[in-house]
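Colleague: Listed below, chain by chain, are the residues.
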Amino acid sequence: MAFEVVLEPFSGPLPLLLELIEDEKLPITEVALAQVAEAYLRYLDAREVPSSDLADFLVVASKLLLIKSQAILPEPEPETEDASRLADQLRLYKLFADAAGEIEARFGAAPSFARERPAVVRAEAFAPPEGVVPDDLRAYFEQLLKRLEPFFSLRQQSLERAVSVQQRMEDIRQAVLERSRLSFKDVMAGAKSKIDVVVSFLALLELVKQRVVRAAQSDAYGDIVIRRIE
Amino acid sequence: MNLTATIESLLFASAKPVSLASLKKALQVEETALREAVEDIRRRFNVDSSGIHLLAHEGQLQLITNPLAAETVRAFLKQEQTAELTRPSLETLTVIAYRGPITKPELEQIRGVNCSLILRNLAVRGLVEERDDAARLQTVYVVSVEFLRHLGLHAVDELPRYEEFHANEHIDQMLKELAGQL
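Here the protein sequences come in this chain order: X and C.
Residue numbers are given in our numbering: position 32 of the first sequence equals residue 32, and the series is strictly consecutive.
One gets our numbering by counting positions in the second sequence from 1 and adding 1000 to each.
It is possible that part of the hints are untrue.
[As the list claims (entries may be wrong)] Straight-line alpha carbon distances no greater than 25 Å define the calculated BS3-like cross-link-like pairs of lysine-lysine that follow:
1) Lys1176/C / Lys1104/C
2) Lys68/X / Lys94/X
3) Lys1176/C / Lys63/X
4) Lys146/X / Lys194/X
5) Lys146/X / Lys209/X
6) Lys1104/C / Lys94/X
7) Lys1024/C / Lys1104/C
8) Lys185/X / Lys209/X
9) Lys209/X / Lys194/X
10) Lys94/X / Lys1176/C
11) Lys1078/C / Lys63/X
12) Lys68/X / Lys25/X
Rather than coming from a laboratory, the hints here were simulated on the basis of the structure.
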């Protein structure tokens, strides 16, 4: 069965299914659904379905596969109603899809008008409240800066840490270049605080990720041996 | 001045659709008297020989131009032709028009796809309205008065085959079964 899927975007799984069935000139039945299951899957394969609708397309795909498997298996399956439900759903959809055609023909063809007018859009202008003096603006701005303070202090801290991780990576890289083998204890030797150790460890992880060094640890809590990757 | 004449004046003076509830409050009348008066206006206005018609939708009333005068009015007001609707918007509107008030899950049952985005777009364009259904404790969607004006309808039940689609046992049954599957 050579089946050409017309590649145009469908607004949902049901319009697609309906077109596949109508192209085959089949009535909407379980048998027809089983027949177009493959064409439906091929469409999903060939087309980029918008991720927002993908789940809906997949739900229908899984129902189609179930219907097809039931059609193929010779032994009588326990009665599931999914098949007839999908056919029902499609028939219901077709009813409204056809009605939509009539609405389309009428939409805007012979409209009625009412006295409604779009709300008047006011011209935008600078309209300060009465009694505002320049000093008020300064005060507002100061308040604004004050509100922003937590944000800036937060940023400064995270920047500092980023810089020091960067710095520590450079230190380790240099050390490994000179010695080709280094232990994490050596790196920690100059640590002044817990944060410092954490920063060193982050720097090490980053270097491992960048494949600059290789790190090995023989047992838990053991020293970490850092080697240069040639 | 009698009730019908007062209602006509209020509707004429209002730019936006007027709700039955606000009329009832403003005029201090019984529900039945109000409905009779509105029905009287509808019967006298919604005829070919009247230039002004009454649109009634979901408890909202609005005076509109006779749809037969559409071409002339449009040219006179220098109104642009309505922007076209995409296929998905059109389908969504159709389902809401025939089955509204409808919940999002019911709508998605029929269309087979998630409809959040499209509902938002239609609401922004003023074609669909959402409201809370106290009985069902859910948000339900209806088409707007503006949508009916685009179609030149006086009420949603003027849609072709409306009765058949709106209160159809077969469709109700299908929706119920499909919902049971969720």
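Colleague: Work down the list of hints and note, for each, if the structure agrees.
Modeller: Hints, one by one, checked against the model:
1. Lys1176/C / Lys1104/C: holds, 14 Å
2. Lys68/X / Lys94/X: With Cα atoms ~22 Å apart, Lys68/X and Lys94/X stay inside 25 Å; holds.
3. Lys1176/C / Lys63/X: holds, 19 Å
4. Lys146/X / Lys194/X: Not satisfied, since the Cα-Cα distance of roughly 32 Å exceeds 25 Å.
5. Lys146/X / Lys209/X: Distance ~40 Å between Lys146/X and Lys209/X Cα, so the pair is violated.
6. Lys1104/C / Lys94/X: Within the cut-off at roughly 19 Å; holds.
7. Lys1024/C / Lys1104/C: Distance ~31 Å between Lys1024/C and Lys1104/C Cα, so the pair is violated.
8. Lys185/X / Lys209/X: holds, 20 Å
9. Lys209/X / Lys194/X: holds, 23 Å
10. Lys94/X / Lys1176/C: holds, 17 Å
11. Lys1078/C / Lys63/X: violated, 51 Å
12. Lys68/X / Lys25/X: holds, 19 Å
When each numbered hint is compared with the structure, violations occur for hints 4, 5, 7, 11.
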